[in-house]
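Given the coordinates of chain A, work out where chain B should sit on it, guided by the hints.
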Amino acid sequence: MAANILKNRHVLGWLQAAPLALVLVGFLLAPIVMIVIVSFWGATEFSIYPAFLWDNYEFLFGSPVTYKVFWATFKYAFITWALTLSIGFTVAYFLAFHVRSLTVQIALFLICTIPFWTSNIIRMISWIPFLGRNGIANQTLISWGVIDEPLEWLLYSDFSVILAFVHLYTLFMVVPIFNTMMRIDKSLLEAARDNGASGFQTLVHVIVPLTKPGIMIGTIFVVTLVMGDFITVRFMSGSQRANVGRLISNDIALLQYPSAAATAVVLLCTVLIVIAILLRFVNIRKEL
Amino acid sequence: MERRPRSFYILAAFFGLFVLFLYGPILTIGILSFQGPQGGLTFPMNGVSLHWFRDLFQEQAVGDIWGAFRRSFGLGLMVMVTTVVVSVMAGLAFRKRFTGSAVLFYAAITSLVIPSILVSLGVGLIFNQLGFKIHWATSGFGSQLTWTLPFGLLIMFAVFNRFDKSYEEAARDQGATAWQTIRFVVLPIIAPSLIGVALFGFTLSYDEFARTLLTAGSYNTLPLEIFGMTTNVTTPVIYALGTLTTLFSFGIIAVFILTAVILNRRRARLGSDAGQGV
Chain A
1 MAANILKNRH VLGWLQAAPL ALVLVGFLLA PIVMIVIVSF WGATEFSIYP AFLWDNYEFL
61 FGSPVTYKVF WATFKYAFIT WALTLSIGFT VAYFLAFHVR SLTVQIALFL ICTIPFWTSN
121 IIRMISWIPF LGRNGIANQT LISWGVIDEP LEWLLYSDFS VILAFVHLYT LFMVVPIFNT
181 MMRIDKSLLE AARDNGASGF QTLVHVIVPL TKPGIMIGTI FVVTLVMGDF ITVRFMSGSQ
241 RANVGRLISN DIALLQYPSA AATAVVLLCT VLIVIAILLR FVNIRKEL
Chain B
1 MERRPRSFYI LAAFFGLFVL FLYGPILTIG ILSFQGPQGG LTFPMNGVSL HWFRDLFQEQ
61 AVGDIWGAFR RSFGLGLMVM VTTVVVSVMA GLAFRKRFTG SAVLFYAAIT SLVIPSILVS
121 LGVGLIFNQL GFKIHWATSG FGSQLTWTLP FGLLIMFAVF NRFDKSYEEA ARDQGATAWQ
181 TIRFVVLPII APSLIGVALF GFTLSYDEFA RTLLTAGSYN TLPLEIFGMT TNVTTPVIYA
241 LGTLTTLFSF GIIAVFILTA VILNRRRARL GSDAGQGV
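So the sequence lines, in the order shown, correspond to chains A and B.
Using our numbering, you'd call the opening residue of the first sequence number 1 and step up by one each time.
Using our numbering, you'd call the opening residue of the second sequence number 1 and step up by one each time.
No lab work stands behind these hints, which were simulated from the structure alone.
This structure is a prediction, so every number in the text was calculated from the model and none was measured.
A few of these clues could be false.
Stated by the list, open to error - Chain A regions said to be covered by chain B (calculated; three or more residues, Cβ under 8 angstroms): (1) 34-45; (2) 77-87; (3) 131-143.
Unchecked claim - Keeping only pairs whose Cα atoms sit at most 27 angstroms apart, straight-line, the calculated DSS-like set for lysine-lysine is: (4) A:K286 - B:K165; (5) A:K286 - B:K96; (6) A:K212 - A:K186; (7) A:K212 - A:K286; (8) A:K186 - A:K75; (9) A:K212 - A:K75.
Where a beta carbon is used, it is the ideal one built from N, C-alpha and C, also for glycine.
Isolated chain A (complex conformation) (with noise of 0.2 angstroms):
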């Protein structure tokens, strides 16, 4: 009896993944359902009580703030994209369809990979002899000529925040788009050639429609890393600028745990719908 139940293919199953699910309800569900509790409690200078309050729903979407923070996020976020889709489609363009040698392909992949694996913090540190205001940049611009006083927006500025969310995340559009592309059928490419379709014709009309799937996953990574990111904003701008994570890691400082609970209700629900219309377009399971 015993052995049966073990055999039956969905008891083995949820033996398997037990532990994930544990995992996931102790450490994700039950922190989400903890939050949307707290986002309607209480809070004096010192502490936070149980209490089922609209408080802080009714100041967050009443304080202009809130819109103004919850637009630089989508700015971030969308000029992010952009810069690293355009960025990772062509590295991994070139990864794929121009480099030929398969030693050479992951050598080249694994250089682009391996900062990945290295910490964030040091790596956003690390502009900071760059973009000075006595910075290698201004040093070099001065010294060409092209400018005579140091320029003050290279750091502590959206430019340096917006560079520096570049520098993460370009790699999360490589990976997958260069996945996906190397999955496709290289006599699609000599057909269309044979067809009399220019490289250029080629890429629009054959490389980019069959790349989607990547492109996709990769804006889901990217968008969801820069509308959940507080940290980079907080140090490439110097405290300047804010974005919604901010807002919450601000809150959490204080000790508004309520109110600071309530914004990430609202972040949350923000992303997950993005993340839902984004996931229309690509089946994540099938693509890898």
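Only chain B this time, still in chain A's reference frame:
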């Protein structure tokens, strides 16, 4: 061989610039960490010295970075082992298309796309309200798993999508039990990919910041410690630390990649006994 089109050279130059963009900054702080004792945070170099590396080894200069390093290393190993075991089990489970698998899959995707600060905040709140002690090895460990497990799972999907089922059928036909099939057929075949899962598990944990921010408790992990330094340290000592920890990461990555290469070679050499008689 066909002559390369002009677009090749343009794209190759673009790729070169991209690699420079990726590695240039980290190389710069690598050089700057050898600043002389009077040197500042940017060029010009004011002499060359190991002054700032020496500073790292003096407790009072930079706080408890070695303790933080030990904690991050230990936590990385814990997360790595757990990620490999749990991902493999889940990967096997998902091949069976059990009831509820779609829900679990979407939960894993949610775990990947949810803003990290929500996990941090939620786990922190739960531990506080339940009166548990927030510690890097409990709340921090669980929070990091929500980031590493989805990656492990996605890799397992990629592996099993390419897995040739006839190996398992052959094993079964020869009388292997389900466990024997997994132990002696499936696991050896997927072993090199498991190195990849382990690499993700360790490095993502070792570098994780946002999900550990509110869940590490009173003992900081290394990224938290480094971030703390950015607000109050204004000397190249922070570059020296950045250089060392990046070198450490490179070393770890090299070990993992070499292991995968060796495993692959071994499998190619020993995997088949075709033509060797009985």
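So which of the earlier hints does this model not fit?
2 and 8
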